[in-house]
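Protein chains in written order, with this note's numbering: chain G, 1 to 167; chain C, 168 to 666; chain Y, 667 to 1161; chain U, 1162 to 1326; chain R, 1327 to 1753; chain Z, 1754 to 1859.
Rather than coming from a laboratory, the hints here were simulated on the basis of the structure. Possibly wrong hints are sitting among the right ones.
[Said to hold, decoys possible] EDC-like mimics (lysine to aspartate or glutamate), calculated; alpha carbons at most 20 Å apart, straight line: (1) C:K237 with U:E1297; (2) G:K153 with G:E89; (3) Z:K1781 with U:E1246; (4) G:K96 with G:D71; (5) Y:K1036 with Y:D1113; (6) Z:K1843 with C:D321; (7) U:K1249 with Z:D1848; (8) U:K1323 with R:D1727; (9) Z:K1842 with C:D321; (10) U:K1239 with Z:D1846; (11) R:K1614 with R:E1684; (12) Y:K735 with Y:E854; (13) C:K237 with U:E1294; (14) C:K599 with Y:E902; (15) U:K1273 with C:D321; (16) G:K14 with R:D1727; (17) G:K44 with R:E1648; (18) Z:K1843 with U:E1240; (19) R:K1637 with G:D71; (20) Z:K1781 with U:E1240; (21) U:K1289 with R:D1514.
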Amino acid sequence: MGIKIIKREGQSFKDRIYLPAIFSGMWVTLKHFLRNLSDTSNIKTLCYPEEQPIDITSRYRGVHLLTKRDDGSVRCVACFMCATACPAECIFIEAKEREDGVDEKMPEIFTIDLLECVFCGGCVEACPCDAIRMDSGIFSFVAQKREDFLLTKDKLLSHESMKGTIC
Amino acid sequence: MNWVELSYLLPLIVIGSGAVILMLLSPIEKISMERFSLLTFIFIFVALLCDLYYFGVLYTSFPLKHIFSKMLISDSYSVYFDALLLSGALVTILVGMHYFQTKRKFKKEFFSLFLFSVFGMMLLVHANELLTAFIALEIASLSLYVMVGFQKYDTRRVEASYQYLVLGSLSGVFFLLGSALIYAGVGTTILGDIGKEVDMLMGKDISLVVIGGTFLLVTFLFKISAFPFQNWTIDVYDGAPLPVTAFMAATFKVAIFGFILRIMLVDLDPIREIWDELFFVIITATLLYGSFLAVIQRSLKRMLAASSIVHTGYILIAFVSIGVVGESASSSVIYYLVAYFLSSMGAFGLISYITADDHVRVTYEDFRGFAHVHPYMAAMLSIFMLSLAGLPGTIGFVGKFYIFTGAIEAGNTILAVFGVTATFISIYYYFKLIALMYFYPTAEMEDIPPLKGIAPLVIGFIAFAVIWGGIGNTFVAYFPGIDFLIDTARLSYMSLFIK
Amino acid sequence: MMDIGILSIIIFLPMVVALILLLTPINQNGTRNMAFIVSVIIFCLALFIYTNFQLTGTIQLREFHPWIKAYGINYSLGIDGFSLIVLMLIATLIPSAYLLLWNNNRPKNYWISMLFIQSGISGTLFSLDLILFYFFWEAMLLPVFMIIGLFGSGNRVYSTLKVTIYTIMGSLFMFVSILYLGVAFYYEFGSWSFELSDLVQITTISHGHRVLLFLGFMLAFSIKIPLFPFHTWLLETYSNSPTGGVFLLSSIMAKLGAYALVRFMIPLFPDIFVELSSVFVGLGIFGLVYFGIAAISQHNIKKMFAYSSASHLGFITAGIFSLNVHGMMGSAFLIVAHAMATGGLFLLVGVLERNLGIRSIDGMGGIAAKAPLFTVFFGIMVLCTVGIPGTNGFVAELLIVLGLFKYNAFAGILSALTVLVAASYMFWLFQKAILANSENDVSAMVDLDWKEVLGLLPLSLLIIAMGIYPDLFLYKIEPTIQHYLMEILHVGAKV
Amino acid sequence: MLDVIFLLLSSFAIGGALGMVLFHQPVHSALSLILCIIALSGLFALLSASFLFMVQIIVYAGAIITLLIFIIMFLNVKEANLPKEPHKNITLFLGALGLIPLNILILRAFYKLPSSFLEKNDNFGDIKPLGMELFEHWLLPFELISILLLVALIGAVVFGRKEEA
Amino acid sequence: MNMISISIVIINVILALLFSLGAAPILVWIERRVAGFIQDRLGPNRCHIGGIRLGGLIQSFADMLKLVFKEDFQSSSIKQGFLFSLAPVLVFGSAFLTFMVMPFADDLKIGEQVFMMQGLPIDLGILWFLAFAGLSVYGIMLGGWASNNKYSLLGAIRAGAQVISYEAAMGLSLVSILITYGSIHLGDMVAYQGTLLFGFIPAWGIFLQPLAAIIFIVTAFAEANRTPFDIAEGESEIVGGFHTEYSAMRFGLFFVGEYVAMSASSALIVTLFFGGYHLPYLNTGVLKSNMPLVLSFIVIALPLVSYLFAKWIGKNNHWKEEGNIRNRESKILIQGILVINVGIIFLLGIFLREGLGEDGVNIATAVIQIATFAIKLLLMNFVFVWVRWTLPRFRYDQLQDLGWKVLMPLAIANILVTATIVVVMGV
Amino acid sequence: MIAGSLFSYIVVAMLLLSIGLLGVISRKNIFVIYMSIELMLNAINLIFIALGRHHHSMSGHIMAMMVIAIAAAEAAVFLSLIVVLYRRKKSLDSDIFRTLAQKESL
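Just chain G, same shape as in the assembly (with noise of 0.2 Å):
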């Protein structure tokens, strides 16, 4: 078995100097510079508040939404899945009894505080009956006080989903 002898990079004078290789750095980022001195518009940035992101997909991780049934009621029966799988226990469950017989159960109380939530994606994995998502789009969730980040039912139903909206 013979020996082969790998050469190593780097060993030639050439780059031994680094200049070269430093100069050429350089002209990399001075095309850069100029060709966007030259014209700004050929830069990506989006001018935030005022230009909104267009390419937002549907597997975004976006704040949650819980869907619906096909009559408008809530499709989520207090399982209490999506809370045990919560890694940030950032979920409130509270069941009871649901009265018009098309399911045994149905949350009263249903929260999740944004700010424990690690938006990992875990109590969508966990929903046996596929109600609660995080495609609803919203990347941006701004509040003025603690309070205004505890998502209740109601809100969480008000988020609409994005499927079908964009792309």
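Here the structure of chain G is known, so what remains is to put chains C, Y, U, R and Z in place on it, guided by the hints.
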């Protein structure tokens, strides 16, 4: 460029370039310590040969006007001192070879530093200008500081180096202050010119020159470890590695005296008497206090260090006599330097040879019964001790004879008596060693390092030289004896006054 | 090449032999034999000199070679009558001593040191250059140092250091004085010389300085002799030294001190010599009395002899300083007589010590019965020491007492009385230690063998011969003594 | 005007020097020393040594003391490791008393020199005359300095190198 | 001292202030915008005063204001309050003083008087720069030490070691330049660079001493603590380095000091290697003798350049959102440029017609040279920024290796070669 | 005129020198000792330069320059030694660097 003038500095150039070459070679791991010793030896030897070439030839004085504008001078005086310094270095290398090889921690830069310090010392002897002299002094001292602390795993070494450095720098400041004051007084720092200016100033106010000269003397007294500045000596000598101690004791003093004699004899000659009383006190104190220090020591190395203070006192006796009997006194300084150089180099060298293998033999007690184990070494050590004590038949005796004669000649009989008193005290601590070596049964017999290598040979040669310097004469034609040394010393002294 | 004179041979032969012995692996018996042979050769040479010596007061057999030219230091030798007699003494004593030390079973170094000492002694004796004299004076010391330190007993190292330091202290002041003389000569005559004959001519030194110089020399000699206040090294050194060392110290080196006193002090400082004579006579007589009394109270035989020896040396000193031909002759004679007697005694004590292993007088007794030969020789030496008529000791002491009477009647009486004191303790010793029977066990005592007898015989014969017919020996030194006296009287007249 | 500058600079220099001696912390001392050195360089400038003025700042303030401060920080000495100097002020005071005679002696000697300076040339103290003087007369010491620095370099390497096991 | 000299001195000082202190916000702006463009971003462009954004320059001023008015916070662990406050002052002060000897223009001669166009009229030039560049490290070291924070101390030690190391190489590289120019006075050096090499190349330092130029530029980067040598800050390793504990204006001084130092370094580089205030082929003499031509050229060129600039503004400077106040800016700018153009051309026209007189020519030369210098300075500053956003930071050991094992030997070799050439050619 | 007279400069220099000497004598901190030595060298520089002006010769300046270089050389050795010492002893007290003397005084 005047090549002929430059050629007078050939020994200096050889040593300087040798130092640089060794420095450049030192990172090469392949070259062994022995090789380095050998190389150093060769450089010094070549320089010595160059120097000896001028030894007889150059009864002249070259201020080297064309190349360095009187900053350096080359005359038989400097050639003589060069020869002393170089032989000192040569002997140090030869004697220390065993030590260096045994104590492997000596990195190779050591030899470069060693050559640099020799270079500085030689330069000091050649210096013809105060600041040049100071730089030369600093080159020599800085290398010595480092050499002292070279084995920095040993705290004692580093501390010795530190003490030496602080005090040495302080004394350097005084040297500079002295130069500044002299410059203020006469407007020049070139040696011959200072003399002329001082001559012209005679009768006017020369207090600046006097104070400046005093400060120069302070430095000088410090470096030769005379009385008020002697405290460092013992600790530094003790802390330094033995060959370095030998080198310091034997050669550095030579170089310092080489310079200070030049300035005192030539330039500050008209005002030298001013310091006589001061010197009187200093010498007395140096002799007595040095003797006291030597008596109370228990380590041999420290004793030798302390006794070097006493020897400084002897030399100063001759130094103070210069005013009246310039020729014989100054040549006696030179001669005593040779004597002390040989004896102390022999003693330190031998001890370094003995201690190279183990750390045991450092105190007097360790030498108990030494003669029964190593008769030859004990005999040599005894010879050196006798020479240091100034017993007849050794070069130390002739040196003392010379110095005391000069002192009496100059009318300083009291000083001679003090010197004799110190000698008398010195008998105690030198003979104590001999007594210990011979008169006791040896404690342990097992460690008998064989006499091998070049160091014992060289030490034996020194021992022979010590004896020959005490009895050798013109019986044997063409072989230099005492007269030769005295004559050359005189010659070198005379060359100072060639205008 | 230089030509080597007979004096140089006497000086350097032992040294060269010693060096050869030192460097060759000859065993101790060989060394001893060689040392003996050398001493015999030297004896023969000395005899040769003795017979060829001319009866003038001048210095003979001069040898002169420049040594350190720059300072006019020369290798300059010569002898006069006084040195001749000391030379003869040494040449005789040393072979005898070797014979008596023969059985002591000493190692090689011992004999080598002895050889070195002999060199040093001869050198000191012959030197006419003061630096050369100083050289040998100090060189003599080292082997003594070695002998005592190596082969001594008791607290030998201490006593070695003590005696060395003492002696060197004295000689260092002498050294300064020598240098001062040399410098004075240089200032007066413009050239360097340390030759005795040159230094004598110095006239410029002031009187006070001359006194100081004189004292500088005297310090060295007094310590060596030892005179009264400088004797403190004596007791320990004598008692701790081996027999050979004591022998050398007491019978030879101490005498050299007295010799040097005459040789150098009188020519160099005749006026001071006269002036201070009273002091030294006083010191000498005081020593005589003091040491005599001290000797009585001793029970260690060595110590007793040490004091006795010191006492006699005080006597010698007093004689030298008595400033007349009797005293000086007597001193010269006593130097010889006492050297023989004391030397013999110390050697015999050595034999005693070797056999019995003790030194205390109380532990001896009844030796006469065991060792008759020993007793005979011991008796002769004791008689000589005491100064019984028929021995040379008597002649010498008589001459000195006479001289002292001339100098000062009181001094003479005192010295004469003290001689009696010496007689008393010596006889007491002889009686108690040797003759009287006692219950002490002296069975270990062995009588002298033929070699020891051979060694002591010449001494005893000489003691008796010199006692009976002193002129035979005195005539050789008389011119010299006259010469010295002339110098003194010359100056004395001026004073 | 110059007098005022002189007085100001010299008082800064002396104040800095005093601070250096008196401060307990080495860093404070070093900073005082810098103050002193910079004030001194100002004095150099007053003496029309413009080149030395710059050299003083570059070499002393810029290199030597930087190195010093660097070492001080590098060692990061804790307060506990600083030496206790309980009698510092007393010794300082006594030492100052002792030094007075020396100062008087030297100053008296200097006082006899003619005091005011000679008229200054146009370019006295500039780099050019300095260079001419340096290379005409002081060439050798200048070269020797390089050897001295080399020795110091080797020394620093020897001391600074990692110790062998 | 008459009015003219006083005014010239004042003008010089103001110019120095402008170039150093005044340049700081601009440099900050440049830094941010260039960084943005290099990384295909926009950078700050939003902050405005009445719609005027100046491409985001206003942001820098806003930042400055913020730093000034922010609460000055000091950690309670800081024992050396005085030194802690002194440190940024030192950094800022020494950086600022460094700039004072840069010549903006050739010596100005008005009447009989000759004025050096520098902040401080001394001719020590390079030495002054070295001196104060060396002093600036004290501020960094003190700041790091006084912060009583181990990261700060680490940063300070790094800075100290770095400056000590690189100062040696910098000084040595300067020596060869000094040999070439034969003077330490920066004015003389620039004057030398006004000549031509071989008759056709401007004798700029970069052509005469390319190696020294590279070494000097590299060491200047290190001295100014700029990337790739900004290990004293080294955010990724030691938080903020020496200024971790600093905030508000004390931090601001560090911040501004860094830019001033950078500016000073640029100025020196320009002066030493890029012809200083000289336009290529147009040294002072040529400029003076051909002043009317030059003025005419300006009269022609200025509208052209302005037109292009206005076009660029029109193309790039608009706000996405309609009706935003910021959309007024382009219009205002273009009008402003127009007014300035007209004014300048009118002025120059008068000058051309009336003739300038000797003093006038001199002043005009000075103005042109100042402008040249300013432009070169900006370009050099741009290079600093450019390098910063191109190269990564050195590792500490690499940095020391580079300084001692590469730059220093090279500088020494360069000295040798230069000296040999100078001696051989007998210059 | 104070600023134009040699004497005033010498006074300043001597004061600095004395202060430096004081520092060496009375302080135990090795850093301060070192700095004191540097201060003394500086004072001497001032003397040299003032004298150069006094004699109207550049030699004084050159000597001062040399002194600065010497100071630099000493600084290198001194500081590296201090580092070694501090690492060994963990102290800056010059008094504790006395192992040599203490050992003998047993």
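TODO: Quickly compare the C-alpha distance for Z:K1842 and C:D321 to 20 Å and report which way the hint goes.
DONE: Roughly 12 Å between the alpha carbons, so the hint for Z:K1842 and C:D321 holds.
Open item on the list: Can you confirm whether the C-alpha distance between Z:K1843 and C:D321 stays at or below 20 Å?
Closed with: 15 Å, holds
Task: Distance restraint between Z:K1781 and U:E1246, which requires alpha-carbon spacing of 20 Å or less - done: 7 Å, holds
Open item on the list: Next pair to validate is G:K153 with G:E89; report whether the Cα-Cα distance is within 20 Å.
Closed with: At roughly 16 Å apart (the allowed maximum being 20 Å), G:E89 and G:K153 satisfy the hint.
TODO: Sort out whether Z:D1846 lies within 20 Å of U:K1239, counting only the CA atoms.
DONE: With Cα atoms ~13 Å apart, U:K1239 and Z:D1846 stay inside 20 Å; holds.
Task: Satisfaction of hint between Y:E902 and C:K599, Cα-Cα up to 20 Å - done: Measuring from Cα to Cα gives roughly 18 Å; hence the hint holds.
Open item on the list: So if I understand the rule, the pair passes when the alpha-carbon distance is 20 Å or less; does U:K1323 with R:D1727 pass?
Closed with: 17 Å, holds
Open item on the list: Check the hint pairing Y:K1036 with Y:D1113 against an upper bound of 20 Å on the C-alpha distance.
Closed with: Judged against 20 Å, a Cα distance of about 7 Å means the pair holds.
- [ ] Compare the distance between the alpha carbons of U:K1249 and Z:D1848 with 20 Å, and conclude whether the hinted pair is satisfied.
- [x] 13 Å, holds
Task: Holds or violated: R:K1637 to G:D71, with C-alpha atoms at most 20 Å apart - done: Answer violated: R:K1637 to G:D71 is near 60 Å, above 20 Å.
Open item on the list: Check whether the Cα positions of Y:K735 and Y:E854 lie no farther apart than 20 Å.
Closed with: Holds - the C-alpha atoms of Y:E854 and Y:K735 are around 18 Å apart, at most 20 Å.
Task: Restraint check for G:K14 with R:D1727, where alpha carbons must lie at most 20 Å apart - done: 18 Å, holds
The earlier numbered hints that this structure contradicts are 15, 19.
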